[in-house]
Amino acid sequence: MANRVVIALGGNAILKPNQEATLEVQLGNVKASAELVAKIEEIDYEIVLTHGNGPQVGNILRQNEEAKDVVPPFPLDVCNAESQGFIGYMLEQSLKNSLEEKGLTSNVITLLTQTEVSAEDEAFDKPNKPIGIFYSEEEAKQMEQEKNWVMMEDAGRGYRRVVPSPQPKAIHGVDAMVNLLSRNTIVIAGGGGGIPVVRDQNGLLKGIEAVIDKDRTGKKLAEQIDANVFMMLTDVSNVYINYGKENQEKLETISVKQAQQYMDEGHFADGSMGPKMEAAIGFAAQGKTAIICSLEEADQALLGRAGTRITG
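Under this note's numbering, think of the first position of the sequence shown as 1, with each following residue one higher.
No lab work stands behind these hints: they were computed from the structure. Wrong hints could be hidden among the right ones.
Claimed, not checked - Below, in silico cross-link-like pairs of lysine-lysine (DSSO-like), each with a Cα-Cα straight-line distance of 27 Å or less:
#	residue 1	residue 2
1	Lys-96	Lys-126
2	Lys-129	Lys-96
3	Lys-68	Lys-31
4	Lys-126	Lys-141
5	Lys-96	Lys-16
Just need the whole structure built from these sequences, with the hints factored in.
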């Protein structure tokens, strides 16, 4: 079997902070990202690509709110599916074009992906993932009464809806992904953490309103397809300890034990590097390799020349 990698694209690969969320802007970012991902195909890896969708699903939710008196709004799981579809379309088209320009013969396919979670996950009792637009305190109270939403003040910027963020139990469609990988196809799957679904009392699937962390889904996906490497691409070249202090230190190759020690010491914030390191440690503990690096250095990081590597 060829080397196999799951790559989780950060949000900056699609929409950078303070950019206008037009199709043209996002497509321009995706094209640049696709050119860099195509370099990985050149070094002979089987690739599954997953991605975030935070700004995009937030905008879909806002469209729902703005148009609710004209068009019935859809639930969050359907909005996630919408964002998977149009981001996947941009990535697939851009990657196909980049591969064509390089003379590579790989195909690319996007799979709309359901991620199964447990209806008993404690996250459903403690919603904490902010989504969508900001509201005033008065508007937030109205939403709580009218829609039964849980609303929370977010960093002094206003009130936002918060939803559960459960742990992924299983990614659906993995057998198809493995089959496609063996046929020289790059697979785009699990976008935005996947469409959250649970089993009802009869064991049948149904959607549920939640948001699954994309790096947790990426780790689960890497486990299920038996990947050699799980790579999380972000806007920094390396992970640091004592970040922002005079004694900050860049991490290059570290063991799971070292990484866990730094995690326990509180070096990685929950809202930024914490979830990435949690996922990296969990994957590398199985005797494999996790990498956190910048998109621009992804190919070099796979060759051991850049980024932070956590090894089991």
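*Which hint numbers doesn't this structure obey?*
1, 2, 3
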